[in-house]
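S.K.: Sequence lines, in order, name chains A and B.
The C-terminal residue of the first sequence carries number 401 in this note's numbering, and the numbering is unbroken.
The C-terminal residue of the second sequence carries number 401 in this note's numbering, and the numbering is unbroken.
Check before you lean on any hint, since a few could be wrong.
Each pair may be met inside one copy or between any two copies, as identical chains are not told apart.
To be verified - Computed list of lysine-lysine pairs in DSBU-like fashion (alpha-carbon distance at most 30 Å, straight line):
(1) Lys48 with Lys27
(2) Lys219 with Lys401
(3) Lys62 with Lys281
(4) Lys27 with Lys62
(5) Lys208 with Lys347
(6) Lys224 with Lys189
(7) Lys102 with Lys62
(8) Lys208 with Lys220
(9) Lys62 with Lys48
(10) Lys281 with Lys222
Please keep in mind that the hints were generated in silico from the structure rather than gathered at the bench.
There are 2 protein chains.
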Amino acid sequence: MLIVHKYGGTSVGSLERIENVASRVAKAKSEGNDVVVVVSAMSGETNKLIAYANHFSATPSKREMDMLLSSGERVTAALLAIALKENGVDAIAMTGRQAGIKTDNAHMYARIESIDASAMQHEIALGKVVVVAGFQGITEDGSVSTLGRGGSDLSAVAIAGALNADACEIYSDVDGIYTTDPRIESKAKKMDFISYDEMLELASLGAKVLQNRSVELAKKLKVKIVAKSSFSDAEGTIIGEEEEGMEAVLVSGIALDRNQARVTIREVSDRPGIAAEIFTKLADEQINVDMIIQNASSAGMTNLGFTIPQSELAGAKAVIEAFDHDIGGMDLDDSVCKVSVVGVGMKSHAGVAATAFSALARENINIEMISTSEIKISMIIAEKYAELAVRTLHSVYNLDK
Amino acid sequence: MLIVHKYGGTSVGSLERIENVASRVAKAKSEGNDVVVVVSAMSGETNKLIAYANHFSATPSKREMDMLLSSGERVTAALLAIALKENGVDAIAMTGRQAGIKTDNAHMYARIESIDASAMQHEIALGKVVVVAGFQGITEDGSVSTLGRGGSDLSAVAIAGALNADACEIYSDVDGIYTTDPRIESKAKKMDFISYDEMLELASLGAKVLQNRSVELAKKLKVKIVAKSSFSDAEGTIIGEEEEGMEAVLVSGIALDRNQARVTIREVSDRPGIAAEIFTKLADEQINVDMIIQNASSAGMTNLGFTIPQSELAGAKAVIEAFDHDIGGMDLDDSVCKVSVVGVGMKSHAGVAATAFSALARENINIEMISTSEIKISMIIAEKYAELAVRTLHSVYNLDK
Numbered sequence: 001m002l003i004v005h006k007y008g009g010t011s012v013g014s015l016e017r018i019e020n021v022a023s024r025v026a027k028a029k030s031e032g033n034d035v036v037v038v039v040s041a042m043s044g045e046t047n048k049l050i051a052y053a054n055h056f057s058a059t060p061s062k063r064e065m066d067m068l069l070s071s072g073e074r075v076t077a078a079l080l081a082i083a084l085k086e087n088g089v090d091a092i093a094m095t096g097r098q099a100g101i102k103t104d105n106a107h108m109y110a111r112i113e114s115i116d117a118s119a120m121q122h123e124i125a126l127g128k129v130v131v132v133a134g135f136q137g138i139t140e141d142g143s144v145s146t147l148g149r150g151g152s153d154l155s156a157v158a159i160a161g162a163l164n165a166d167a168c169e170i171y172s173d174v175d176g177i178y179t180t181d182p183r184i185e186s187k188a189k190k191m192d193f194i195s196y197d198e199m200l201e202l203a204s205l206g207a208k209v210l211q212n213r214s215v216e217l218a219k220k221l222k223v224k225i226v227a228k229s230s231f232s233d234a235e236g237t238i239i240g241e242e243e244e245g246m247e248a249v250l251v252s253g254i255a256l257d258r259n260q261a262r263v264t265i266r267e268v269s270d271r272p273g274i275a276a277e278i279f280t281k282l283a284d285e286q287i288n289v290d291m292i293i294q295n296a297s298s299a300g301m302t303n304l305g306f307t308i309p310q311s312e313l314a315g316a317k318a319v320i321e322a323f324d325h326d327i328g329g330m331d332l333d334d335s336v337c338k339v340s341v342v343g344v345g346m347k348s349h350a351g352v353a354a355t356a357f358s359a360l361a362r363e364n365i366n367i368e369m370i371s372t373s374e375i376k377i378s379m380i381i382a383e384k385y386a387e388l389a390v391r392t393l394h395s396v397y398n399l400d401k
Numbered sequence: 001m002l003i004v005h006k007y008g009g010t011s012v013g014s015l016e017r018i019e020n021v022a023s024r025v026a027k028a029k030s031e032g033n034d035v036v037v038v039v040s041a042m043s044g045e046t047n048k049l050i051a052y053a054n055h056f057s058a059t060p061s062k063r064e065m066d067m068l069l070s071s072g073e074r075v076t077a078a079l080l081a082i083a084l085k086e087n088g089v090d091a092i093a094m095t096g097r098q099a100g101i102k103t104d105n106a107h108m109y110a111r112i113e114s115i116d117a118s119a120m121q122h123e124i125a126l127g128k129v130v131v132v133a134g135f136q137g138i139t140e141d142g143s144v145s146t147l148g149r150g151g152s153d154l155s156a157v158a159i160a161g162a163l164n165a166d167a168c169e170i171y172s173d174v175d176g177i178y179t180t181d182p183r184i185e186s187k188a189k190k191m192d193f194i195s196y197d198e199m200l201e202l203a204s205l206g207a208k209v210l211q212n213r214s215v216e217l218a219k220k221l222k223v224k225i226v227a228k229s230s231f232s233d234a235e236g237t238i239i240g241e242e243e244e245g246m247e248a249v250l251v252s253g254i255a256l257d258r259n260q261a262r263v264t265i266r267e268v269s270d271r272p273g274i275a276a277e278i279f280t281k282l283a284d285e286q287i288n289v290d291m292i293i294q295n296a297s298s299a300g301m302t303n304l305g306f307t308i309p310q311s312e313l314a315g316a317k318a319v320i321e322a323f324d325h326d327i328g329g330m331d332l333d334d335s336v337c338k339v340s341v342v343g344v345g346m347k348s349h350a351g352v353a354a355t356a357f358s359a360l361a362r363e364n365i366n367i368e369m370i371s372t373s374e375i376k377i378s379m380i381i382a383e384k385y386a387e388l389a390v391r392t393l394h395s396v397y398n399l400d401k
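So that you can see chain A by itself, here it is in the shape it has in the complex:
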């Protein structure tokens, strides 16, 4: 098997931990696998370098930031290759450039355009473990580029795709994806498997484990991800293609997003296109509108409700106030949260939503807004009920069994 391992900043956060990683890689190699390892910078390094740059400038040049920030992963890659060789495992460290990773010119959040995997393949064929500095690539003009926060996950998935690897194992300090946040519901269970689509909907459950962009890329490239802990031998969670014939799990998990605010605009006038104007303006200000509900009300006037991240509330308020002659007024509420029920089984099963609604009703939790997709039901409720709602839903769908 050809396996890509990816180790995050915490997993390589000290020399001792890098040694631990070397042992894990050596073990995988000794079991007969070909192994490519993608590493992040040692935890704290990237933030230190950002602080350095911000000492000089609040808006440092992005091209130079990429040259600066890419150094941390290079250090880890070189150290891990040295540690592997000392363990008797032949290894070679590669920068993003040497690994053939080409990106566009969008410094600090570059997109991978192509991977020329021939250099990696050459070294693999020689029996070497290839250790790649994650998070980085090279632009067409030869500048160093980085892929944005969590970009090493993206490097690992893209490399696994380019090498047609059997799996991409993403190691962190968490041993997999849970049915809900174990800090809220101690009965939360680690999942053995979750589909790409469910994982994308459950982003908040995987936030510490996996960058969302990398799940999207894995889905596109059909790369099987395994989320594992570098501090234990637990099995981890497979994130993969939903298999035909496999009986779909009705509900996979319950996600909670506390960073929600609700905006209600009252008595929006019936001038055509006014809602569209408001949302265009919000988009111009980079305000991410999530759920939207429009209620027909009396006398041709409507109420318009939507949710945004709490941090964008002030910006949204300013935008809406500019429309004051077209609206009756607005209400802002930042004491709400979003609870989501996710499962591919919803596609083919009726009644999943009804189960959620009645379970919350039994606890006297009022649902303020609802939005649904094929595999998700999201509900806006008062923030004070967040934990109760998560536990109630976790239990009603038998996730603790």
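Starting from the known structure of chain A, fit chain B onto it as the hints suggest.
M.R.: Showing chain B alone in chain A's frame:
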């Protein structure tokens, strides 16, 4: 004018000092010059990274060490470019690769083979200050290479040569080259000018300022070096071609090397080639023999005396003991030092050596060994007389005037 600035680790040892460097570069640019800046890693960084690597291995792979160690200079280059831009000076940071520096494959002590200066020239033509990460280049197969300790000096001189720059200003925490070590002789004077050849002979006086390999390269490429302090506006010392017609200074400086040990092999047998055999064996063991004196003695036997660095004394002893049937015995003395008088004027003036010998004789300092070159007289004396000898010679050649 096109000027290359090079700032060593102490000069960029903190964020404040990098800011200071940015001001100096901005000033040089504002005076109408084109400026290329070569930087070292922040002081302490390279040693930290070496310690990291040695945590894993006493003999870490040289290729991976180069990937590791080259990261420090990249950080400084990126930060300085960011600082310059914030000062309103357009700048671009370049790695060794981006600056076109190609080396051989001797990782950790690579030699520069060629510089393709076109990328630097392109940016200079756009009016930008080019900030190059020193100490590094790239091998033919695309691996990162480093040039050995002090290699950033070498980068700067090589770049100045490739760009046909008007000067290569090497900044450190010392403001130039002195006639002798000011810690020994407080009357030591900073020189305005010193020739390449003198500088090479006075290596110990420039040890904190300039790497010797870079003086050799500057001589070869005819690059004018100016050794200056990054902490003052003092003029510095020019290291350049000895000019025709310029009246050569008789004696430029007095150097002291305390790291000397003297080996005397008594009664070397007259078997042909025995001395050559001993020296070949010493060379095989990487023992650097400096001065050699062979005295014909009675009955066809000779005494053979030579000096080596003190740290290599044990190794030399082992080598020589293997010849015990060919020699009468050996004496080892590590309480000696070497005092050197250097000056291009010696070429054309007689009596310079005689002045030194009689000055030391007046102080009752016995000269144990002597070696001379066209522009240097070196003398081995007892270590206890080191300071006295330096002050005596400094005075007798009027260097304090």
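S.K.: Decide, hint by hint, whether the structure agrees.
M.R.: Hint by hint, here is what the structure shows:
no.	hint	in the structure
1	Lys48 with Lys27	between (33 Å within a copy, 29 Å between copies)
2	Lys219 with Lys401	within (29 Å within a copy, 80 Å between copies)
3	Lys62 with Lys281	within (26 Å within a copy, 56 Å between copies)
4	Lys27 with Lys62	between (39 Å within a copy, 25 Å between copies)
5	Lys208 with Lys347	within (27 Å within a copy, 73 Å between copies)
6	Lys224 with Lys189	within (21 Å within a copy, 71 Å between copies)
7	Lys102 with Lys62	both (17 Å within a copy, 26 Å between copies)
8	Lys208 with Lys220	within (22 Å within a copy, 57 Å between copies)
9	Lys62 with Lys48	both (16 Å within a copy, 27 Å between copies)
10	Lys281 with Lys222	neither (37 Å within a copy, 62 Å between copies)
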